[in-house]
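**Q** Construct the entire structure; sequences and hints are all you get.
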Amino acid sequence: MTDQSLNPEDNTAAQAVLVETPFQRFVSEYADNKIAVVSLVVLVAIVVLAILAPWITPQNPYDLAQVSIMDAAQPPGTEAFDGYTMWLGSDGAGRDLYSAILYGIRISLMVGLASGLIALIIGTAIGLVAAYAGGRVDTLIMRAVDLQLSFPAALIALMLVAALGRGIDKIIIALVVAQWAYYARTVRATALVESAKEYVEAARCLGLSHGRVIFKHVLPNCLAPLIVIGTVQTASAIALESTLSFLGVGLRQTEPSLGVLISSGREYIISGRYWISIFPGIALLLTIVSINLVGDQLRDVLNPRLKK
Amino acid sequence: MTVFIIRRLMQAMIVVFLMSLIVFFGVNVIGNPVDMLINPEADQAEIERTIRALGLDKPIAEQYLFFLKGIAQGDFGKSFIFGEPALKLILQHLPATIELALVSLLMAVVLGIPLGLYAGLFPEQGISRTIMASSILGFSLPTFWVGLMLIMGFSVYLGWLPSTGRGETAVFLGIESSLWTWNGLSHLLLPALNLALTNIGLVIRLSRAGVREAMHQEYIKFARAKGLPTHRIIGVHLMKNIMIPIVTVLGLEFGNLLAFSVVTETIFAWPGMGKLLIDSLLQLDRPVVVAYLMIIVLLFVAINLLVDIVYSILDPRVRLRDQGA
Amino acid sequence: MNRTVKTRALATVAVVALSTPLLAEDLTIGLASEPTSMDPHFHNLTPNNAMSRHIYDTLIRQDETQGLNPGLAVEWKPVDELTWEFKLREGVTYHDGSAFDADDVLCSFVRAPDVPNSPSSFASMTKGKTLKKIDDFTIHITTEAPYPLMANDVSNVPIVSSESGCDATTAAYNSGEASVGTGPFTFVSYKPGDSIVLASNPNYWGDVSPWSTVTFKPIKSGPARVAALLAGDVDVINSVPTTDIATLEGREDVGLSQGTSNRVIYLHLDHGRADSPFVKANGGGDIDNPLRKLEVRTAISKAIHRDAIVERVMEGVAIKAGQLLPNGFFGVSDQLQPVEYDPNGAKELLAAAGVPDGFELTIHGPNDRYINDAKIAEAIGQMLTRVGIKTSVETMPRSVYFQRASRGGPEGGPEFSFILVGWGSGTGEASSPLRSLIGTHDPDKGWGASNRGRYSNPEVDALIAEALQTVDSAAREKLLAQATELAIADAAIIPLHYQVNTWGVRKGFAYAPRTDEYTLATGVTKE
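Residue numbers (my numbering), protein chains in the order written: chain A, 1 to 308; chain B, 1 to 325; chain C, 1 to 527.
I should point out that these hints are in silico values taken from the structure, not numbers from a laboratory.
Treat each hint with caution, since some may be false.
[Claimed, not checked] A few chain B residues that don't get close to chain C, going by computed Cβ distances all over 12 Å:
(1) V3
(2) H237
(3) V310
[Unchecked claim] Quick list of in silico lysine to any residue cross-link-like pairs, SDA-like style, CA-CA up to 20 Å:
(4) K507(C) / G159(B)
(5) K191(C) / A170(B)
(6) K132(C) / E163(C)
(7) K220(C) / M152(B)
(8) K191(C) / D279(B)
(9) K34(A) / E124(B)
(10) K58(B) / G408(C)
(11) K58(B) / E411(C)
(12) K69(B) / N117(C)
(13) K220(C) / D279(B)
(14) K220(C) / E168(B)
(15) K191(C) / T181(B)
(16) K191(C) / I98(B)
(17) K390(C) / G285(C)
(18) K58(B) / G412(C)
(19) K445(C) / I47(B)
Predicted model only: the values in this text are computed from it and were never measured.
C-beta atoms are modelled at their ideal positions from N, C-alpha and C, and glycine is treated no differently.
**A** Set out below in structure tokens:
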């Protein structure tokens, strides 16, 4: 009993000293790259705007009582039927584009994060099982992972959405299925490396349970690669969702995500009403690029092997 | 060796069988193709006649067995809409897709390598930084949006290039292709560029990395010391070093190209397989969707099998590990 | 001497005639929807039927406004209550040189309803009709009951050759081997998804087309079609998107040709169920289906700002509707006007019906079937919400929509409570929508097949039934108009607008618009 109660205290005490410095080092290393800093600022701004959307937009684009067909496809700067100015113009159903874009980013981020998180949990669990069980189970799981990774994620998602139908829940399921294998492979590899290390051996010899070893020692070491993969996969999930919506197999038209907005703007291109597809496109681009750039820098900072 | 191949073949067959189950049942649960096909004036009797004609009155398990029997004989079923064998339809659309994919690969190489070389040779220059930043854009830009922007810019505003469809084809060296006519090439340019974008970014990064790595290696230093002209060093020694990873990765990218051709073909109304897939999906032409997906599955499983076998020949340990498991 | 001059003159004419058509008289048409086959009997659907009119003739032709004219039959008349006599055109030859006679008609009527794997057959056109050959150029068609729509039905069945066409498979038609008709064009090539090429038939019995070759290119996406027209890749396109019409009107190098279609866009409401799944009390509780009250249906109709839909959603390219078919069609009523927008009146009616605070409703509609369908559904949702009927909007691809709308509910009935749909009258007169949309649902009789609101009114049924057996045109027209007036007064359906079809042409070309939405090379002229 005493041993066990002492151990964690030791750990936290030791960490308290260490945490300070690695975090500071992490921050200063991250800040080395100006572009990465700017991307982080942009990303945070996007997230904050999306969270605050209901309070900072003149219109809830999903509430039909607030949308009027009289405002359909108006250019940027037009005054709306209900009195406010539509700075980015409106879409074909009369939604204020500024409002619709902020709400659309909400959907995109939610889909990206939800599918990323679920895929991460499932992938991590499967990866750990493979690493610990070894033998036949490991072979079977890794075969499945290889097979999954040999298909392009976009095709898998397309197949699944074709089978499942439309809707946000279905898109998330499709994205999880398309992405779990990336996490599983990474976690398995890291876990194998970690569990061969001496301190884990030692922990085992001390009679610590598997669960304890995994959660205390193995998982924390997987964190860095998981964060990196997580950011990249979240960005690609957002891109995939908008692509599927654009193709007409993703989300519904009445509660538009960015992909749906861009797709609805397609019919207005020739008549010169560029704003309907351009502005949501820029929002989507900023979101994806900033996540990717942040992920890029995180990889450089968190992955010691890449350091010079 | 033979045992190994047989084991892998069995595994591959199991995979194909499982996928056929998933694909067939998945595709058959949504909507009802009869309502898509039938004339709105048709009465109940006519609707039932159509259901029978398409074989949709039978239980789904029976439909599946029938489908499996067909596959075993190389018959993927008949399109509900066109009444033609699904396989024939897909093969009719194949050349257009291959044409597009090949040209976009070529573009990726022709544009990506020089840019990557430059960025690798002069890493500190502003131009190089711009190149590298754009390569990230190449990854991140949503293909469909870029496609729209290309159409908006080059077709609508500037009016330089046609926005959609495949141009005139001609026969040359026994191959019918739109590559042989000006009209065809002008139609091909925008969609190929759109499809190539991701790969251009990829090639830039790969070739830059290759150059950075090679510049520190002894043989390059030696060649320089020997006083070989720069163009020779780049042209012969560097290129050798960077081509291997590029060829490997682009080979692997072919699958992605196939997937994203769905998007590009939809935007540019390119009459290839991808557009056929999306049209068939939206019109519930199930046999065509199932056949397309099964062909993709077979293709990927075959590639994997081949890679496995080649690896096992090159590296016997793979075979041993497999037996141990 | 005189002779040589003549020959020379003739020779020059011949050279001119030979050289100019080859260069100048080719025509390329961009089509929104592609025919699914070259077999004229394979798929009874607008794009296929339009294509088959080029290669094949029908006994009776429909003109631009679906009026009936002689085709392969020169005259037709009822000889008694149950029998119609058709006199066939003599001296007509098929593209392969064989002669046309009564045998071709007989076997075409056998083949048309019975093509293997047909997704939608011509059975509704041939059903209940017995053909009898009187001589090589006379046939009798008999029915079991008097049948005034005989000529309309017959005008929809393409005639193929008894020698090369009647026993041929769909594949043989697609390869061109069996694509032999009597029509103004001959088959050249068919590449699905890419192109269909036809050539003028120089031996045509009617007017020989000035277009020596016609190429049809399927271009599904609207903006793509317009871009192709602007780039000069195609000379004519159909279904110009409403969003681009204003832009095209402002340009010198293209022209537009517009005509009212026979298609009405309307709302169907659940008359059948007391407890309708997509109608809820405020807050989501159960409610006795208010759509069964005439006041509520009328209130919905008054709450809809048809002018706003026409102006803002359809960009001015539609005509607001008050009944089932636009003015000018056979059997429409001259009494009916579109309902005026009156939101206050609507609120009063809701109060009178006992639902002063409205209720909750879901409108379902397709998003890829009619012009701007999803946007219309959203506009309806907005307008009803503003008078207190809190409406949510669900749109879906037609592949899912129509099945659920027709048979998605329990016991295979309609699933939805309130839907947006359209109806084009294939016969070009009012009995088609009356029988299918308004007539009481009865699979055995073939009535009410698209009555997705399960409206049922014995009085209306009786009028339709009488009209369908009345051979005298004037009397029939009156009965149809009466039935329409009754149904609209009862708000059986709520008409919104009639679609207007728009064709775009390059400068120098013109297209004669058609109510049946067909795009025919024979309708394209050079100015």
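**Q** State for each hint whether it applies.
**A** Hint-by-hint comparison with the structure:
1. V3: holds, 45 Å
2. H237: For H237(B), whose nearest Cβ neighbour in chain C is about 46 Å away, the distance exceeds 12 Å, so it holds.
3. V310: holds, 36 Å
4. K507(C) / G159(B): holds, 18 Å
5. K191(C) / A170(B): holds, 15 Å
6. K132(C) / E163(C): holds, 19 Å
7. K220(C) / M152(B): Satisfied, since the Cα-Cα distance of roughly 18 Å is no more than 20 Å.
8. K191(C) / D279(B): Roughly 16 Å separates the two Cα atoms, so the pair holds.
9. K34(A) / E124(B): Status holds; Cα separation ~15 Å.
10. K58(B) / G408(C): Given that 20 Å is the threshold and the Cα spacing comes to 19 Å, the pair holds.
11. K58(B) / E411(C): Holds: K58(B) and E411(C) sit about 19 Å apart, inside 20 Å.
12. K69(B) / N117(C): holds, 19 Å
13. K220(C) / D279(B): holds, 9 Å
14. K220(C) / E168(B): holds, 18 Å
15. K191(C) / T181(B): Since the Cα atoms of K191(C) and T181(B) sit roughly 19 Å apart, the hinted pair holds (cutoff 20 Å).
16. K191(C) / I98(B): With Cα atoms ~17 Å apart, K191(C) and I98(B) stay inside 20 Å; holds.
17. K390(C) / G285(C): holds, 13 Å
18. K58(B) / G412(C): holds, 17 Å
19. K445(C) / I47(B): Holds: K445(C) and I47(B) sit about 14 Å apart, inside 20 Å.
Checked against the numbered hints given earlier, this structure breaks none of them.
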